[in-house]
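Could you build the full structure based on these sequences and the hints that come with them?
Protein chains in written order, with the working numbering: chain A, 1 to 230; chain B, 1 to 856; chain C, 1 to 398.
If you are wondering where the hints come from, they were derived from the structure by calculation, not from laboratory data. C-beta: ideal position from N, C-alpha, C; glycine also. Incorrect hints may have been included.
With the C-beta cut set under 10 Å, the calculated list includes, among others, these residues of chain B facing chain A [said to hold, decoys possible]:
no.	residue
1	465
2	757
3	767
Partial list, derived from the structure: chain A residues whose beta carbon lies under 10 Å from chain B [said to hold, decoys possible]:
no.	residue
4	59
5	83
6	88
7	90
8	91
9	110
10	113
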Amino acid sequence: MTDDILQLESVTMTWDAGEGGGRTVLDGVDLNLARGEAVSLVGRSGSGKSTLLHVAAGIAVPTTGSVRLAGHDLTASSEEARTRLRRDHVGLVFQFFHLLPHLSLRENVAVPGWIAGDDRARTGHRADELLARVGLGDRAGDAVGKLSGGEMQRVALCRALLRGPALVLADEPTGSLDDRTGREVMDLLLEMTRAEGGALLYVTHSPELAARADRTWRLVDGRLLPGAAA
Amino acid sequence: MISYLRRGLLQHLRHSRTLLALTVLGVALGVASVVAIQTLNQGSLLAFDGSVRAISGQADLSVTGTLPTFPESLLPTVLGDADVTAAWPLIRANVAVSGRPDLNLDVVGFDVFAPVRYPLQSAAATQADPFSSLHDALVQPGWVAITPELSAQEGWKVGDVIRVSSGSRALELTVGALVDFRRFEPLAPRRLAVMDIAQAQEMFGRPGRIQQIDIVLRKGADAPTVAVRLQAAVGPGVRVQTPEQRRQDASQLLAAFRLNLTALSLISVFVGVFLVLTAVQASLVRRRHEFGLLRSLGATRAQVMGLVLGEAAALGVLGVVLGVPLGWLAARHNLQTVSATLTSIYVTEGIDKLTLPPLVIALGAAVGLLGALGGALLPAWDLARRDPLRLLSPLSVHEAAGRAAGRLALAAAALAVGGSLWFFTAGHELRLGGFLYGLVMLLALPLLVPLLVRSVCGLARPGGFGFALSLRNLLARLQATGFAVAALAITVSMMFGITILVGSFRQTLVTWLDVTIRADIYISSESWQRTGNDAYLDPALLETLRSWPGVVSLEEQRRLRVLAVDGRPVWLNGLRLTDRPLPGVPQADMAGRLPLMAGEPHAAVAALRSGSVLIGEPLARKAHLGVGDTLRLAGPAGEVALPIAGVSYDYTSEGGTAFVNLDVLNARFDAAPPNNAALFLAPGTDVEATVDALKNALAGRPLVIRSNRTLRSEVLAVFDQTFAVTRTLQAMALLIAALGVSVTLLIQAHERAGELALLRALGATRRQVFGLFLGEGTAMGALGLLLGLGGGIGLAALLILVINRTWFGWTIRPAWPGATLGLQAVVVLAVAALAAVYPASRARLARPGQLTRDDL
Amino acid sequence: MKRHPQGGMMIAAALLAAALACAALAGGTATTGPKPAADGWLRAAPGYAWSFPRDHYAHPAHRTEWWYLTGHLREEGAPADAEPVAFQFTLFRIGLDPQAPPAVGSAWRANALVMGHAATTDPAAGRHVFSETLWRAAAGLGGFGAPGDTTLAWCLAPPGTPGKWAIDLVDGAFDVRARDDQRGLRFDLHCVSATPPVLQGPGGFSPKDAQGDAGSLYYSLPRLAVTGMLRRGDRDVHVSGQAWLDREVFTSTLGPAQTGWDWVSLQLDDGRDLMLYRLHAADGRVDFALGTITGPGGASTSLAADAWSLEPLTHWTSPVTGAAYPVDWRLRVPGAGIDVELRTVLADQENVSARTGVRYWEGGVRAVVPPGLPGAGAAVGRGFVELTGYGAGSRPPV
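Now the structure itself:
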């Protein structure tokens, strides 16, 4: 199973009493995500989708069970180590883009490179290249404030892919976009992740978009069920 | 709305205790620095008042001499005036307590049988003979009454002997009673002591001469009218003054000193107000969202504005409540040094008790409240007028500030140009002109901050997760960072300005000492101070010194306070001029020791010999006198006019100093032995060994024997002490500015939680986030430093070239105390970085999973 | 003295009280010879060798003495039945130290105080004016002459008034002057005595108690012819009349239990002069009494306590001090055929000293034939009554 970029075994996540009255959000989840594979994740609101992504990214630590990211056991790692693993292996795309308003497009894309301490010239170059690929190459120096939602998500996509992560996690990447723009962004997400050789796990409410993955998983009350085949 | 305000504030208190504490502390420090300085400032005058009231509280008029003493035979003339109901003589002497280098007693000799209200209490008070002390006052040798406070402090009880000295004479006083001046005058100095005039005159004075006559007038008599009539009756050798006139004289004497402190406190007010602004601003920016919500729920603009101002006022009140006691403590902490400065330079009355005058409390409250309200006004107006939905966009406020940067900088330029035009055409003629000019320039400084931040931070091209990103983040929050940087810039301006001034002054003084302090050994008495006219050196002692092995020349000096005919006090220094040059002792040549700024040294010495006078620079500047003019002084029998042969640099007094031949002083004013002597030794004589030998031979005598080197270092020590209080102010201002940095960043840590969560999600470690904030604090420090450097140099130029000349009249050669400035710069950066530590440690706790829709 | 009027007064009063206390304590151990007691002061004692004019001058070896002049003056040109103005002039020497002060260093060195009391009573105007001075006898403020000097005693006038108060001895006559412009008191009088001094008590020692421990050296010039000027209201007028000069020199007079005295001087129209005094305790009980009657020729006889009687007739209560003074008296000296009423010329002749707190009644009286006797109401002489120790806590400082 060394080809799996992400492995979850019997992952259970229970919010303790203080934060949700002892609610079990993930209940014995087992999953394997192979390198280069694209999987969609569907489920109703509150079914634990976001939590599953957080666990996968090492942002949250499951109550029980184990999580392996690129061969490293996240559950046994320190916060610092999980952060580094996330930095080096995971690209994140959010529903609300989360771009830094005081930075330019290029700078927003470059932030993960800065954090990692990568060579600044190469990072800049790579950011420009990615932005060009999403059709924003001529606006790399602009402030992000003037962008449309779709453009913002494309920038966010570039940011997620900057360091060529082995795993891209996207939480409803089209949730804030209209259908047409959503499809365009989804096209770019799938295409570019694949081109970069990374695996993709994305959450969506749209059956149409879910169907574009290699596989689909469904979360029902914290349990992972195999969904419609690709 | 009121209940909302109350709830809001409580909420605030509960949820951001640290922030609130820092904000209030900032207001409090601003208030405290004002209260501290003004308390000390008032204290200096109140100390003089307290002393005057304790001794002369009953008097409607006082007669004092144009010279320190005048004939006692004037008393019957005064008593004979139709409106006088009582009048009594006083003798004043400042005596040193042996073995207590810092303790001088202010001895007042009074007529114990005059109707003077001195609250004497003797130990025998409870016995059948309640006031036998009065009998003893005449009969018991050295009978003196001391204050209960001094008695407690020194453990001196009735019957104890106090060894004191006046000039070179050692004397014994016996505590015969206590005199509880504070029963009537709470600010009476503890060092006051009273004794019968007969003994005081014998021990410390001269036969037939007194220092003062206090007069009580008949009810309904008009004191100024009687003063004029009495003045005509007693003649030109004395002045008849009301207590108010005496107070004015004293306040003039202290004017420059007080101004010094006031100017400093003004700067701390400025910085304090800035901190309040920063704190309130920051707190409002933080709660922008809440106000936006209130507005969309239907709150009117006036209501929102009222809410904001109400909160600011509450912060102001808390700050005042904390700041006033804090200021009081700071004032007490600095009491010693300020008091020492007062007594070593200005008057004999040191401050040994402080009060907190209501006016000072009011001033502190005004600074705290108006600062808080003023700080809230602009943002409140801004919030109230804004579209409620726009309030939900976090960076709009900062963008507005960024857009205004150019306009603000233009306004700064306009202020600077306008201020300069005004000052150089008209303002420089006003006594306060220099201060107003400085104030305008300081006002202009913060207006430059947005532009500076924009241009400097705009240059930052972040290529990594480092300082450049910190700079860029500052730029993004211009509104918030602007205030913190401005406060820092003002503080640094003050710090550097004063450091340059003090450094330049010190360097000038050292150069001047090199020229003037040329004798090998200096001898004065323990009781001799600048005010110590009554401290004489015994002629026999002078003979001993003159014939001491190795001594080739002894120079006598006497210092006498006289009045110019315009009422200006002048310190007249009488020098004994040697007739012939001393072979082998070139440093004794008087011409070589005159730091003349106008006149020719050899001609000046010749003129001194023939009765001319040299005047010090401050006197020349203030009285508009120069070579060829005449110095008109009030002599014992009318005007004494002395031709001015030269003007010399002089840093011994900011009032008037003049130098004459000692014979002229004795003949035309008041003959008495000298106060000081300077010894020139034969070439090759070991100075320190001679000093030791003299000390051994004269052990037990109340003399101060100092080598050239010691004297010089002591002069510089007094100088340093004079400016010691500025260090506290500098530290306080820096602390305030640092709080500004803390508050700003703490709020940012909260406000930018989303950004931080994102960075953490993108893989930034906690340490990296911590570093980012530390970098932002340091960046603020650096920006403040940059702007403050310019401001400091400007302020120093103003202080040295304008304010000092106007108020002190000294020539100070500008110098660049590079090492001190460098050290201070490092301190500023370090303090800014330290101020960022707590906010940074809060920021690092941002959780990567916390991103919500509203973030960023 | 504006804010705390008690200040100066307290000081002087205290000093006097101190002197008094010492006197009282020393009273019981007085020596009889001309040797100073342990406190350094010489005690008044019998057998004193009088010598005039030397004894008109100060006696610095004793603690206290006074020059005490009282009299009645008629304005020149006034109708014969007009009431004369009564006056009092006293200079006290209050010794502080029996040693003479060293003559070096300070003119303020003093071994005595000089205190002046002056009063005029103008019955026509119903006005009694009192003025006082208190200075140290030094530094141009006050002093005492030595035998041969013109001045016997002097001091500065009270503040607000130029010049001095003094009693001079010029060619055997006494010149006295006092002035207080703020209170409207002034006189300048020339007093000539036709008779030699009358020694009061045996040999001029006037005992103040039965044991003879306390007492004073005491003489009087009972008939001085006075001419001079006096301020009456706002006028300075020429006056003439009669005065009585008392001189007492002592270190201790009142015994411990004694709190005051009644003293009477009377110049009878028949040429006889009478001096009487009696000392009383706090309860008013008379402790000791003595008197002297002097004939027109100058021969004087002592009057023992049982040879005369003095009964109060009318009391007057001071609105200022609350003290009730007997101001009219019935005086009987049966052995001398004297039975008169002493009627005060004005009830309020109380002197209240602001400087020392001392208060006493010192007033001019007329002697008239009592009702029921032949010629009742006829004037037979004039005199002065001095009452001390009346009112709570009032004990004269001697």
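Violating hint indices (sorted, rising): No hint contradicted; all consistent.
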